[in-house]
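Asker: Each chain, letter by letter, is given below.
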Amino acid sequence: MAVEAIGRRASRVPQVARPVRLPLTEPAPVRWVLIGAALAFLLFFLVLPFVIVFTEALAKGVGVYVAAITEPDALAAIELTLLTAAIAVPLNLVFGVAAAWAITKFEFHGKSLLITLIDLPFSVSPVISGMVFILLFGLQGWFGPWLAAHGIRIVFAVPGIILATLFVTLPFVARELIPVMHQQGTTQEEAARMLRASGWKTFRRVTLPSIKWGVLYGVVLCTGRAIGEFGAVSVISGHISGLTNTMPLQVEVLYNDYDFAAAFAVASLLTLLALVTLIIRTTLEWRAGIGNWTAEP
Amino acid sequence: MEIQVEDLTKSFGSTLVLDRIELKIREGEFLGLLGPSGSGKTTLLRVLAGLDWPEQGRVLFDGVDVLDVPLEQRPVGLVFQHYALFPHMRVFDNVAFGLEVMPRRRRPPKQEIADRVERLLELVQLEDLADRFPGQLSGGQRQRVALARTLAIEPQLLLLDEPFGALDAKVRVELRRWLRDLHDSMGITTVFVTHDQEEALDLADRVAVMNEGRIEQVGSPTQIYEKPKTPFVYDFLGEANKFDCEVEDGVARVGNKALPVGRRMRDGPAVAYVRPHDVVLRRIDDRSRSEDAVLPGEATVRFVSALGAKASVELSYEDRLVEAEITRENLAELEISRGKRCRLQLRLPHIFPKDPS
Amino acid sequence: MTASALAPRMPVWRQRSVLPGFGLTLGFTLAYLGLIVLIPLGALFVQTAGVGWQALWAELTSARTLAAFRISFGLSALAALANAVFGLLVAWVLVRYTFPGRRIVDALIDLPFALPTAVAGIALTALYSDSGWIGGLLAPLGIRVAYAPLGILVALIFVGLPFVVRTVEPVLRELDGELEAAAALLGARRWQILVRVVLPPLLPALLTGATLAFARAIGEYGSVIFISSNMPGVSEIVPLLIVVKLEQFDYAGAAAVATLMLIASFILLLVINLIQAWTRRRHGG
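Chains as they are written, first to last, in numbering that gives the first Met the number 0: chain A, 0 to 296; chain B, 0 to 356; chain C, 0 to 284.
All the given hints hold, so there is nothing to weed out.
A partial selection of chain B residues facing chain A, derived with a Cβ cut-off under 10 Å:
hint, residue
1, 48
2, 80
3, 81
4, 83
5, 99
6, 100
7, 151
8, 158
The hints are simulated quantities; they were obtained by calculation from the structure and are not laboratory data.
Glycine included, C-beta positions come from ideal geometry on N, C-alpha and C.
Take the sequences, apply the hints, and build the full model.
Answerer: Here it is as structure tokens:
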């Protein structure tokens, strides 16, 4: 009896007459709605702001545009921006390589603390990054009286801008190199040493060539940030047109003077630079297979 | 160059990796360090290379302690496990590296470097691949480049870390023979590390079997295979069937035989180790006498695998499994099949005291 | 065996190594870090400590300061939430679907990282002001964006946008499609699969990305000050408050507020590290 019952139950299992599609992805209409929503979001928050920089810059015609970016104060701002980057980036490059070398090729206590300390500038608000130098070197700061007595100006002058930029861009190269060099390990360098290469020759001939893409990527990120930094530099700068304004600061000054077209003109240069940075980054990523291992502020 | 290792001890954290190692490596010898992972063999190699330092002990090259001698002055070469070829340099530049980084005073002129590199590439039979990059080479080719690169600096001690570990079985055998020939023609003292006992026994003049930071036994391949000093060595070098027995007054009772084990072994429980090819199967009713030990009771055949020249037979005896290796003629003759019962006869058992643990 | 052979050979705090330059590189690293980052930050803490508890408390609990923190943290939280939702959507669309221009869109996600904040600030203001392209459409509906708290929110969403996307994308890419297939074969419907199989492994990354966006938003200055009306108590963010105090030479007050901000940032950093450690433990790294 029981056997028959089972037999009957078994025969009631539905026979699948036609192939069933597994729900491995969303139905097409849902997909297109999602794509549309994502693109709309990006349009409003990403694309349009990008586009409007150029439309506003050229709103009064090309002539006004060219005049705005060749005006003496604008040129001075460009020069200061480039100078700042030219000093800050190489210094932080050397730091990044040294730090990455120490951290990835040796074992010692306190490594993760060191890495956290290197990441500090990322978690500090730009305004605070500039402010700490005012507290150190401002008139009422620790070294203020000493500096004033010796006629050295750091705050509200170019040295202050460079210091603030150094602070803010410090981690970039190190952060790129540490995972790359960590992954490569120490075997290659050991092999070079076994072949009697000196320490310096080992670094130059074996390590450097294998980290060149990481270095390039880090330098690009570092330069982009050095050029575009606003908050930290704004605090320490003094906003003296022609003297202590970088390009982002010049944008602010022009904007506050209601000279919108000029402000957007300078802004457009920065935006083009940002675009170039993005293109270089993307190309490097595709070429050397460096993924975005973590979000960078 | 003759090497003497004395009382070498090293820990990684709380783990003892090298435990008072004593080893003598003869001039021109091809020595294998054989052991499972964690046995300390690679650490010992690295200490010899100069990449690591012990907490205690000495390493003497021709009588001179080299542990404090800088790497550049040690006449040692090391071929890494995964070759560590410089990926951004061509084969030629890889091999030339050791010569090109020499201090200016000692560096040979460019043409001489090129000649020496070419000769080395010919030696390793890769002269056509000088312009290739490591990424374009096969595993066996990379291995030979790594070797050429190391030989370029004319080391007096050549160290090889698992030289064939990353290669296919077929390539492995070919390269083994080739490496042996190379060593014989060059005569450099060579030490290699491996976990593959077949490789060690095939290649080396002597083998040092290591386990948990200690050297269990050093000897020629024949010596350690035929006269293993410890159960570990026996076990590591091949399949082992283990049978309990008792030692009393210098004699072990195995089956129906009393085997002398020497005065030094204490009375008490012991284990007789027998290789599968030393297990002989007898018919139940076979009452003939034998010089070998015949075990009491019956064994039942559980599994027969008759592929290849020999047949593997798995039997259950008392509460354990026994692996026997017999000829196919024997298999047919005894009509061995699943479920068949027979008696076990043991040739050449090695008796070791039973480990209290 | 001589006595020297028995003496320990290695310095205790690190392993001896055959690679060169440890002392040089570590020394330089610590010196550089100390000079550029640690001493300046130290100055901040010392300055704050020197003010005295009474004054500190008065400063931090003044109406203006409290309002600034409320505005900064409140709007940043909302922005992080919005970025979490839309960031997940964008990451999903970029990883799972193909459409024309996908690669370009993917590259553009990093724009807020690359664009100077001042440029973002004036661009967003122009876009969302009453006469702007989008602001102009919203004004008749009575929605003010520029010069209103909503504008601050828009700016904070902009700067935080890449964080969630870039943190979720790699996790999404590594998701094993077999898990979804297995669930489907067990009879689950698509939305069930999404909620029960796909979403859980994404949550830690989502949380990390949102926290990163939040941390960035509370410190954001350049993008916000143009689009905000910057009125104390209404639309004044904490970084602006610090700048105002600096301009008034109220260094002590500025230092006090900054210290509080830093403490908040460090707590967030800790939270992020904890989330990541928890993820590693749970999913075996």
